[in-house]
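**Student:** Sequence:
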Amino acid sequence: MTHVHAFLAVDRLLKDLTKCDEPFGGKIILLGGDFRQVLPVILRGSRSLTVSSCFKKHRLWSDFFVMKLSENMRVFDSEKEFASWLLHAGEGESGEKIQLPPFCYPEIQDPVQQLFSDIDFKTVTPEELKGRAILTVTNDLSMQINNRVLECMPGNEVIFESIDNIVGNDPQDQLAYTEEFLNSLTPTGMPPHKLRLKPGAIIMLLRNLVPSKGLCNGTRLIVIQLQKNVIVAKKISADNNNESYLIPRIPLIPSDSNMPFQFKRKQFPIRLAFSMTINKAQGQTFDKICLDLTKPVFSHCQLYVGLSRVRSFDSVTVVSPNSEIYNCVYREVL
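All residue numbers for the sequence shown refer to my numbering, where the first residue is -13 and numbers rise by one.
If you're looking for bench data, these hints aren't it; they were derived computationally from the structure.
Quick reminder that beta carbons are idealized off the backbone N, C-alpha and C, glycines included.
It is possible that some hints are incorrect.
[As the list claims (entries may be wrong)] Beta-carbon label-pair distances, calculated as ranges:
1) Ser56 x Lys13: 26 to 36 Å
2) Lys252 x Ser198: 43 to 53 Å
3) Cys314 x Leu(-1): 31 to 41 Å
4) Lys220 x Arg30: 36 to 46 Å
Construct the entire structure; sequences and hints are all you get.
**Tutor:** Printed below as a string of C-alpha coordinates:
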(Lines of atoms letter the chains of each structure in order from A and count residues from 1; the text may use other names and numbers.)
(Lines give C-alpha, C1' and ligand atoms only; values in the text may rest on other atoms or scores of the structure.)
Protein backbone atom coordinates (compact mmCIF):
# COMPACT_ATOMS: atom_id res chain seq x y z
CA MET A 1 0.00 0.00 0.00
CA THR A 2 1.29 3.46 -0.89
CA HIS A 3 2.47 5.69 1.95
CA VAL A 4 0.37 8.79 2.70
CA HIS A 5 3.40 10.98 1.91
CA ALA A 6 3.16 9.98 -1.77
CA PHE A 7 -0.44 11.23 -1.96
CA LEU A 8 0.48 14.45 -0.18
CA ALA A 9 3.31 15.03 -2.67
CA VAL A 10 0.88 14.64 -5.59
CA ASP A 11 -1.60 16.94 -3.83
CA ARG A 12 1.03 19.67 -3.41
CA LEU A 13 2.35 19.24 -6.96
CA LEU A 14 -1.11 19.62 -8.54
CA LYS A 15 -1.87 22.63 -6.37
CA ASP A 16 1.35 24.29 -7.51
CA LEU A 17 0.72 23.50 -11.18
CA THR A 18 -2.91 24.64 -11.24
CA LYS A 19 -2.52 27.57 -8.80
CA CYS A 20 -5.62 26.18 -7.09
CA ASP A 21 -5.92 25.45 -3.36
CA GLU A 22 -8.62 22.79 -3.81
CA PRO A 23 -7.58 19.22 -2.94
CA PHE A 24 -5.32 17.90 -5.71
CA GLY A 25 -5.60 21.22 -7.49
CA GLY A 26 -9.27 20.65 -8.22
CA LYS A 27 -8.48 17.66 -10.45
CA ILE A 28 -10.46 14.42 -10.39
CA ILE A 29 -8.37 11.67 -8.80
CA LEU A 30 -9.32 8.01 -9.25
CA LEU A 31 -7.79 5.54 -6.78
CA GLY A 32 -8.12 1.77 -6.79
CA GLY A 33 -7.24 -0.48 -3.91
CA ASP A 34 -8.19 -2.53 -0.90
CA PHE A 35 -7.51 -1.65 2.73
CA ARG A 36 -7.38 -5.37 3.47
CA GLN A 37 -3.84 -5.25 2.15
CA VAL A 38 -0.42 -4.92 3.74
CA LEU A 39 0.15 -1.39 5.04
CA PRO A 40 3.31 0.62 4.27
CA VAL A 41 6.31 -0.91 6.00
CA ILE A 42 7.59 1.37 8.78
CA LEU A 43 10.95 0.23 10.13
CA ARG A 44 10.47 -0.71 13.79
CA GLY A 45 7.25 1.33 13.71
CA SER A 46 4.52 0.94 16.31
CA ARG A 47 0.96 0.06 15.40
CA SER A 48 -0.15 3.70 15.69
CA LEU A 49 2.72 4.87 13.46
CA THR A 50 1.95 2.23 10.85
CA VAL A 51 -1.75 3.12 10.86
CA SER A 52 -0.98 6.83 10.52
CA SER A 53 0.99 6.09 7.33
CA CYS A 54 -2.25 4.95 5.68
CA PHE A 55 -3.94 7.55 3.45
CA LYS A 56 -7.34 6.67 4.89
CA LYS A 57 -6.34 8.23 8.22
CA HIS A 58 -5.50 11.61 6.63
CA ARG A 59 -8.00 14.46 6.41
CA LEU A 60 -7.85 14.39 2.58
CA TRP A 61 -9.62 11.02 2.62
CA SER A 62 -12.88 12.74 3.60
CA ASP A 63 -12.88 14.47 0.18
CA PHE A 64 -13.13 11.13 -1.66
CA PHE A 65 -16.32 9.35 -2.66
CA VAL A 66 -15.98 5.61 -2.00
CA MET A 67 -17.44 2.99 -4.35
CA LYS A 68 -17.14 -0.68 -3.38
CA LEU A 69 -16.95 -3.66 -5.73
CA SER A 70 -19.44 -6.39 -4.88
CA GLU A 71 -18.04 -9.46 -6.69
CA ASN A 72 -14.72 -11.21 -6.08
CA MET A 73 -13.34 -12.01 -9.54
CA ARG A 74 -10.47 -14.13 -8.17
CA VAL A 75 -12.73 -17.00 -7.09
CA PHE A 76 -14.90 -19.31 -9.15
CA ASP A 77 -18.67 -19.42 -8.73
CA SER A 78 -18.30 -22.81 -7.08
CA GLU A 79 -16.05 -21.31 -4.41
CA LYS A 80 -18.34 -18.65 -2.95
CA GLU A 81 -17.78 -20.17 0.48
CA PHE A 82 -14.05 -19.46 0.16
CA ALA A 83 -14.73 -15.88 -0.91
CA SER A 84 -17.06 -15.30 2.02
CA TRP A 85 -14.64 -16.87 4.51
CA LEU A 86 -11.80 -14.79 3.08
CA LEU A 87 -13.79 -11.59 3.48
CA HIS A 88 -14.57 -12.34 7.12
CA ALA A 89 -10.90 -13.08 7.78
CA GLY A 90 -9.83 -9.85 6.10
CA GLU A 91 -12.30 -7.84 8.16
CA GLY A 92 -11.12 -9.47 11.38
CA GLU A 93 -14.63 -10.76 12.09
CA SER A 94 -13.36 -14.29 12.74
CA GLY A 95 -11.22 -13.21 15.68
CA GLU A 96 -7.47 -13.26 16.23
CA LYS A 97 -7.28 -17.04 15.89
CA ILE A 98 -8.80 -18.73 12.85
CA GLN A 99 -8.86 -22.25 11.41
CA LEU A 100 -8.84 -23.48 7.85
CA PRO A 101 -10.52 -26.74 6.75
CA PRO A 102 -8.59 -29.81 8.02
CA PHE A 103 -7.44 -30.82 4.53
CA CYS A 104 -5.41 -27.59 4.30
CA TYR A 105 -3.06 -28.86 7.02
CA PRO A 106 -0.74 -31.61 5.66
CA GLU A 107 0.62 -34.35 7.90
CA ILE A 108 4.19 -33.68 6.76
CA GLN A 109 5.05 -30.12 7.68
CA ASP A 110 7.50 -29.50 4.85
CA PRO A 111 6.54 -26.70 2.41
CA VAL A 112 8.84 -27.91 -0.38
CA GLN A 113 7.47 -31.45 -0.25
CA GLN A 114 3.87 -30.24 -0.02
CA LEU A 115 4.05 -27.99 -3.07
CA PHE A 116 6.42 -29.91 -5.33
CA SER A 117 6.02 -33.58 -4.30
CA ASP A 118 3.93 -34.32 -7.42
CA ILE A 119 6.51 -32.79 -9.75
CA ASP A 120 9.40 -34.57 -11.46
CA PHE A 121 11.98 -31.82 -11.79
CA LYS A 122 13.77 -33.77 -14.55
CA THR A 123 10.79 -33.41 -16.89
CA VAL A 124 8.90 -30.44 -15.42
CA THR A 125 7.89 -27.63 -17.76
CA PRO A 126 7.92 -23.90 -16.91
CA GLU A 127 4.12 -23.88 -17.17
CA GLU A 128 3.89 -26.40 -14.33
CA LEU A 129 6.13 -24.32 -12.07
CA LYS A 130 4.92 -20.81 -12.75
CA GLY A 131 1.55 -21.24 -11.05
CA ARG A 132 3.03 -22.43 -7.75
CA ALA A 133 4.68 -20.54 -4.91
CA ILE A 134 5.62 -20.97 -1.26
CA LEU A 135 4.73 -17.83 0.68
CA THR A 136 6.59 -16.94 3.87
CA VAL A 137 6.54 -14.18 6.45
CA THR A 138 10.28 -13.40 6.39
CA ASN A 139 12.92 -12.95 3.69
CA ASP A 140 15.39 -15.29 5.38
CA LEU A 141 13.01 -18.25 5.32
CA SER A 142 12.08 -17.52 1.71
CA MET A 143 15.73 -17.59 0.65
CA GLN A 144 16.34 -20.90 2.45
CA ILE A 145 13.36 -22.51 0.73
CA ASN A 146 14.43 -21.18 -2.69
CA ASN A 147 17.86 -22.79 -2.35
CA ARG A 148 16.25 -26.09 -1.31
CA VAL A 149 14.03 -26.12 -4.40
CA LEU A 150 16.97 -25.22 -6.63
CA GLU A 151 18.86 -28.27 -5.34
CA CYS A 152 15.98 -30.47 -6.55
CA MET A 153 16.31 -29.19 -10.11
CA PRO A 154 18.52 -30.96 -12.65
CA GLY A 155 21.46 -29.28 -14.35
CA ASN A 156 24.62 -27.58 -13.23
CA GLU A 157 24.33 -24.85 -10.65
CA VAL A 158 26.01 -21.55 -11.53
CA ILE A 159 27.03 -19.18 -8.74
CA PHE A 160 27.31 -15.47 -9.50
CA GLU A 161 29.23 -13.51 -6.87
CA SER A 162 28.66 -9.80 -6.39
CA ILE A 163 31.22 -7.02 -5.99
CA ASP A 164 30.52 -5.06 -2.80
CA ASN A 165 32.09 -1.82 -1.62
CA ILE A 166 31.36 1.08 0.71
CA VAL A 167 29.85 4.24 -0.80
CA GLY A 168 31.97 7.26 0.15
CA ASN A 169 35.62 8.02 0.79
CA ASP A 170 35.69 7.83 4.59
CA PRO A 171 38.79 5.70 5.38
CA GLN A 172 37.30 4.72 8.74
CA ASP A 173 34.31 3.12 7.01
CA GLN A 174 36.61 1.35 4.57
CA LEU A 175 38.51 -0.21 7.49
CA ALA A 176 35.51 -0.94 9.71
CA TYR A 177 33.32 -2.59 7.07
CA THR A 178 35.38 -5.12 5.16
CA GLU A 179 34.36 -6.68 1.88
CA GLU A 180 33.79 -10.01 3.64
CA PHE A 181 31.36 -8.33 6.03
CA LEU A 182 29.49 -6.64 3.16
CA ASN A 183 29.28 -10.00 1.38
CA SER A 184 27.44 -11.45 4.39
CA LEU A 185 24.63 -8.86 4.17
CA THR A 186 21.41 -9.34 2.21
CA PRO A 187 19.20 -6.31 2.94
CA THR A 188 15.53 -6.30 1.97
CA GLY A 189 15.07 -5.81 -1.76
CA MET A 190 18.64 -6.83 -2.61
CA PRO A 191 20.04 -9.95 -4.31
CA PRO A 192 22.39 -12.14 -2.26
CA HIS A 193 26.16 -11.94 -2.62
CA LYS A 194 26.19 -15.51 -3.93
CA LEU A 195 23.35 -15.83 -6.43
CA ARG A 196 22.71 -19.52 -7.19
CA LEU A 197 20.88 -20.27 -10.44
CA LYS A 198 20.11 -23.06 -12.91
CA PRO A 199 18.46 -22.98 -16.35
CA GLY A 200 14.71 -23.35 -15.84
CA ALA A 201 14.71 -21.65 -12.44
CA ILE A 202 12.01 -19.10 -11.65
CA ILE A 203 13.36 -15.67 -10.73
CA MET A 204 11.93 -12.30 -9.75
CA LEU A 205 13.17 -8.85 -10.71
CA LEU A 206 14.14 -6.58 -7.81
CA ARG A 207 14.38 -3.36 -9.85
CA ASN A 208 12.51 -1.66 -12.68
CA LEU A 209 14.53 -2.44 -15.84
CA VAL A 210 12.22 -1.74 -18.80
CA PRO A 211 8.74 -0.81 -17.49
CA SER A 212 7.43 -0.32 -21.04
CA LYS A 213 7.99 -4.04 -21.64
CA GLY A 214 6.72 -5.12 -18.24
CA LEU A 215 10.16 -5.69 -16.73
CA CYS A 216 9.40 -4.13 -13.37
CA ASN A 217 10.16 -4.79 -9.73
CA GLY A 218 8.27 -7.99 -8.86
CA THR A 219 8.06 -9.41 -12.41
CA ARG A 220 8.61 -13.19 -12.47
CA LEU A 221 10.70 -14.78 -15.22
CA ILE A 222 12.15 -18.17 -16.17
CA VAL A 223 15.89 -18.53 -16.73
CA ILE A 224 16.71 -19.66 -20.28
CA GLN A 225 20.48 -19.23 -20.40
CA LEU A 226 23.22 -18.27 -17.95
CA GLN A 227 26.22 -16.33 -19.22
CA LYS A 228 29.06 -14.64 -17.38
CA ASN A 229 27.74 -11.08 -17.57
CA VAL A 230 24.15 -11.51 -18.69
CA ILE A 231 21.17 -13.75 -17.95
CA VAL A 232 18.68 -14.64 -20.69
CA ALA A 233 15.13 -15.04 -19.35
CA LYS A 234 11.51 -15.13 -20.47
CA LYS A 235 8.59 -13.51 -18.71
CA ILE A 236 5.95 -15.57 -16.93
CA SER A 237 2.77 -14.06 -18.29
CA ALA A 238 -0.70 -14.98 -19.46
CA ASP A 239 -0.19 -13.47 -22.93
CA ASN A 240 2.16 -16.30 -24.00
CA ASN A 241 4.88 -13.80 -24.85
CA ASN A 242 7.95 -15.84 -25.85
CA GLU A 243 10.29 -12.87 -26.18
CA SER A 244 13.62 -13.31 -24.42
CA TYR A 245 15.15 -10.55 -22.32
CA LEU A 246 18.74 -9.88 -21.32
CA ILE A 247 19.30 -9.07 -17.65
CA PRO A 248 22.65 -7.36 -16.95
CA ARG A 249 24.59 -6.84 -13.75
CA ILE A 250 23.86 -3.40 -12.35
CA PRO A 251 25.03 -1.42 -9.29
CA LEU A 252 22.48 -1.61 -6.46
CA ILE A 253 22.28 0.43 -3.26
CA PRO A 254 19.93 -0.85 -0.52
CA SER A 255 17.18 1.49 0.61
CA ASP A 256 17.38 0.15 4.18
CA SER A 257 18.20 3.26 6.22
CA ASN A 258 18.75 1.13 9.33
CA MET A 259 22.44 0.66 8.48
CA PRO A 260 25.00 3.25 9.67
CA PHE A 261 26.66 3.19 6.25
CA GLN A 262 25.83 2.84 2.57
CA PHE A 263 27.26 0.15 0.36
CA LYS A 264 26.97 -0.68 -3.31
CA ARG A 265 26.52 -4.18 -4.71
CA LYS A 266 27.09 -4.96 -8.37
CA GLN A 267 24.94 -7.99 -9.08
CA PHE A 268 22.08 -9.23 -11.23
CA PRO A 269 18.91 -7.53 -9.86
CA ILE A 270 17.06 -10.80 -9.30
CA ARG A 271 16.22 -13.45 -6.72
CA LEU A 272 14.94 -16.98 -6.95
CA ALA A 273 11.14 -16.94 -6.82
CA PHE A 274 9.95 -20.46 -6.06
CA SER A 275 9.26 -18.89 -2.67
CA MET A 276 8.64 -15.27 -1.76
CA THR A 277 7.35 -13.22 1.14
CA ILE A 278 3.63 -12.57 1.48
CA ASN A 279 4.31 -8.86 1.01
CA LYS A 280 6.11 -9.48 -2.29
CA ALA A 281 3.32 -11.77 -3.54
CA GLN A 282 0.73 -9.02 -3.11
CA GLY A 283 -1.13 -8.44 -6.38
CA GLN A 284 -0.27 -11.83 -7.91
CA THR A 285 -2.49 -14.88 -8.48
CA PHE A 286 -1.33 -18.50 -8.31
CA ASP A 287 -2.86 -21.89 -9.05
CA LYS A 288 -1.45 -23.44 -5.88
CA ILE A 289 0.36 -22.09 -2.81
CA CYS A 290 1.86 -23.36 0.41
CA LEU A 291 1.67 -20.82 3.21
CA ASP A 292 4.62 -21.33 5.56
CA LEU A 293 3.55 -19.96 8.94
CA THR A 294 6.24 -21.53 11.10
CA LYS A 295 6.70 -17.89 12.03
CA PRO A 296 3.30 -16.17 12.53
CA VAL A 297 2.18 -13.11 10.61
CA PHE A 298 2.96 -9.81 12.32
CA SER A 299 1.39 -7.10 10.18
CA HIS A 300 -2.08 -5.96 9.13
CA CYS A 301 -3.88 -8.45 6.85
CA GLN A 302 -0.79 -10.45 5.93
CA LEU A 303 -2.79 -13.65 6.32
CA TYR A 304 -5.59 -12.31 4.11
CA VAL A 305 -3.09 -11.28 1.43
CA GLY A 306 -1.43 -14.69 1.48
CA LEU A 307 -4.64 -16.70 1.26
CA SER A 308 -6.21 -14.46 -1.38
CA ARG A 309 -3.46 -15.29 -3.89
CA VAL A 310 -5.54 -18.34 -4.90
CA ARG A 311 -9.17 -18.99 -5.77
CA SER A 312 -10.18 -21.86 -3.48
CA PHE A 313 -9.40 -23.80 -0.31
CA ASP A 314 -8.23 -26.70 -2.51
CA SER A 315 -5.35 -24.56 -3.75
CA VAL A 316 -3.95 -23.86 -0.27
CA THR A 317 -1.80 -25.88 2.11
CA VAL A 318 -0.60 -24.40 5.37
CA VAL A 319 2.54 -25.34 7.30
CA SER A 320 2.02 -24.22 10.88
CA PRO A 321 2.87 -25.59 14.35
CA ASN A 322 -0.76 -24.98 15.37
CA SER A 323 -4.08 -25.54 13.63
CA GLU A 324 -5.25 -22.16 14.93
CA ILE A 325 -3.56 -19.41 12.91
CA TYR A 326 -2.96 -15.90 14.18
CA ASN A 327 -4.77 -13.29 12.08
CA CYS A 328 -3.47 -9.73 12.51
CA VAL A 329 -6.04 -7.10 11.49
CA TYR A 330 -6.02 -3.38 12.29
CA ARG A 331 -9.74 -2.68 12.36
CA GLU A 332 -9.14 1.08 12.50
CA VAL A 333 -8.02 1.21 8.84
CA LEU A 334 -10.90 -0.83 7.39
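**Student:** Go through the numbered hints given earlier and state which of them the structure violates, listing their numbers in rising order.
**Tutor:** Hint 2 is the one this structure does not satisfy, whereas the remaining hints hold.
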